[in-house]
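**Q** Going letter by letter, the sequence shown gives residues 944 to 1330 in the numbering used here.
Hint data in this document are derived by calculation from the structure and do not stem from the laboratory.
Incorrect hints may appear among the rest.
FRET-style restraints, in silico, Cβ to Cβ [unchecked claim]: (1) Val1305 to Asp1128: 56 to 64 Å; (2) Ala1251 to Asp1026: 44 to 52 Å; (3) Gly1208 to Glu1021: 25 to 33 Å; (4) Glu1065 to Gly1248: 36 to 44 Å; (5) Ser1299 to Glu1037: 18 to 26 Å; (6) Val953 to Arg1076: 19 to 27 Å; (7) Asn1300 to Asp1144: 45 to 53 Å; (8) Met944 to Glu1021: 26 to 34 Å; (9) Glu1070 to Glu1021: 24 to 32 Å; (10) Thr1247 to Lys990: 20 to 28 Å; (11) Thr1311 to Asp1238: 16 to 24 Å.
Backbone N, C-alpha and C define an ideal beta-carbon position, used for all residues, glycine too.
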Amino acid sequence: MSFDDDKEIVILKDVSSGKEALTFPAGKIQIQVVNHMEAPLEETRFKVLLELKEPGDIEGRHGLDLVMVIDISGSMNEGGKLDKLKIAAQFIVEKLSPVDRFSVVTFFDSSNRLFPLRQITEDSKAEIIQEIRLLKAKNSDKNIAEGLKMSLKVLNDRHFTDGRVGAIMLFSDGAENRGKATEVDVSKVPVHTFGFGASHDDQRVLSEIANKSNRGRFSNVQNENRLHVAFSKCLDELLTVVVKDLRLIVAQVNKESIIKNVVAGNYSTYRTKKSKFTISYGSLYGKEVRNVLVDLVLPNIVETGPRAEDLLLITCSYRWDFLQIYFSLVIFELVNLNINIVYEHACSTKYGKKRSNAGPIVITVNRTGLKEIRPEDVTEQKDEEKR
944 MSFDDDKEIV
954 ILKDVSSGKE
964 ALTFPAGKIQ
974 IQVVNHMEAP
984 LEETRFKVLL
994 ELKEPGDIEG
1004 RHGLDLVMVI
1014 DISGSMNEGG
1024 KLDKLKIAAQ
1034 FIVEKLSPVD
1044 RFSVVTFFDS
1054 SNRLFPLRQI
1064 TEDSKAEIIQ
1074 EIRLLKAKNS
1084 DKNIAEGLKM
1094 SLKVLNDRHF
1104 TDGRVGAIML
1114 FSDGAENRGK
1124 ATEVDVSKVP
1134 VHTFGFGASH
1144 DDQRVLSEIA
1154 NKSNRGRFSN
1164 VQNENRLHVA
1174 FSKCLDELLT
1184 VVVKDLRLIV
1194 AQVNKESIIK
1204 NVVAGNYSTY
1214 RTKKSKFTIS
1224 YGSLYGKEVR
1234 NVLVDLVLPN
1244 IVETGPRAED
1254 LLLITCSYRW
1264 DFLQIYFSLV
1274 IFELVNLNIN
1284 IVYEHACSTK
1294 YGKKRSNAGP
1304 IVITVNRTGL
1314 KEIRPEDVTE
1324 QKDEEKR
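Between the sequences and the hints, there should be enough to build the whole structure, so can you do that?
**A** Here you go:
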């Protein structure tokens, strides 16, 4: 069976608004206001959608073709291993971008490709996560070698490979009782292995697979607290890291426009003050886009008339790594067969980490015209009053 059914990447264009989005530079990232910033004069609910991403050309990084190999043998039912694995898989899928493709191979005593390499879009992310959530462990033997062989075939049979890199992530407790996984040739591709098993022998198998691959890494993740750390380190190697430990602070400018809620997906969001929210993102990768939805109530200003109103104050902080290289230069001359140093300059390198702050950025809305009352608005208001 051939797996040359991969599709070419389709460049996705932003069609969220007919008008050009407002973009604000914020150090090593940029913040973009996606929605149209106009609101009526009377009191109204208003939502501001922000995008955080790397500034510059979106086509700068190579696309990643990632095959996730998932153990669904009987032993993965023990201790909630498969449930932890599903959480991990969702975390990884959320970090990928439209330039990336993703496939899943499952194995027990045999192997199965769940779906071909699929381009990452908002729709495909939801479909992929749902398919992984539906996985169930089978009361069977474990043949890691079969899963590895099929994942290698997915990468080797690709039709579109220009400007792309391939990698494998293998999730298992390592307790194989069929096949010899360590005898599979993985030398040409990075295989990152994640061990949910407790015994030394289980870990040894997965560690040996990673070591025999092309710069793969083994991580022991039986402790649930290590999951996100291990996956973040792996993604740091597979994707371009723009900044680390990214935090976004969203605050009210005044007491008139009230922030009711801030939604940032699965990322940690907490209210530091009544009018201020902090979102902790961790690492931001190249081509990755983070969305933040801010829900506000704007005051009635019919009597004062149209005006530009400052709504939000946005600041962010992040950590980034830097490398400074100082080159040496030595010039020689040959005099009577003797070598003399005419000029010499030393060379040194310096590696470090910096924490930077960006902002503040002020987000403004234009208050114009009266609100058009629609039937659905009345229905929504009645529903809220009932609650």
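**Q** If a hint holds in the structure, say so; if it doesn't, say that too.
**A** Hint check:
In this structure the supplied range 56 to 64 Å holds for Val1305 paired with Asp1128, their Cβ-Cβ distance being about 58 Å. For Ala1251 and Asp1026, the hinted distance range of 44 to 52 Å is satisfied, since their beta carbons lie about 50 Å from each other. Roughly 31 Å separates the CB atoms of Gly1208 and Glu1021, a value that falls within the hinted 25 to 33 Å. At roughly 40 Å, the beta-carbon separation of Glu1065 and Gly1248 lies within the given 36 to 44 Å, and the hint holds.
About 25 Å separates the C-beta atoms of Ser1299 and Glu1037, a value consistent with the hinted range of 18 to 26 Å. Range check, Val953 to Arg1076: Cβ separation about 26 Å, and the 19 to 27 Å hint holds. Taking the beta carbon of each, Asn1300 and Asp1144 are about 49 Å apart, inside 45 to 53 Å as hinted. A C-beta distance of roughly 32 Å is found between Met944 and Glu1021, which places it inside the suggested range of 26 to 34 Å.
As the Cβ distance of Glu1070 to Glu1021 is approximately 29 Å, the hint placing it in 24 to 32 Å holds. Taken as a hint, the range 20 to 28 Å holds for the pair Thr1247 and Lys990, whose Cβ atoms sit roughly 23 Å apart. Between Thr1311 and Asp1238 the beta carbon distance is about 21 Å. The supplied range of 16 to 24 Å therefore holds.
Violated hints: none; the structure is consistent with every hint.
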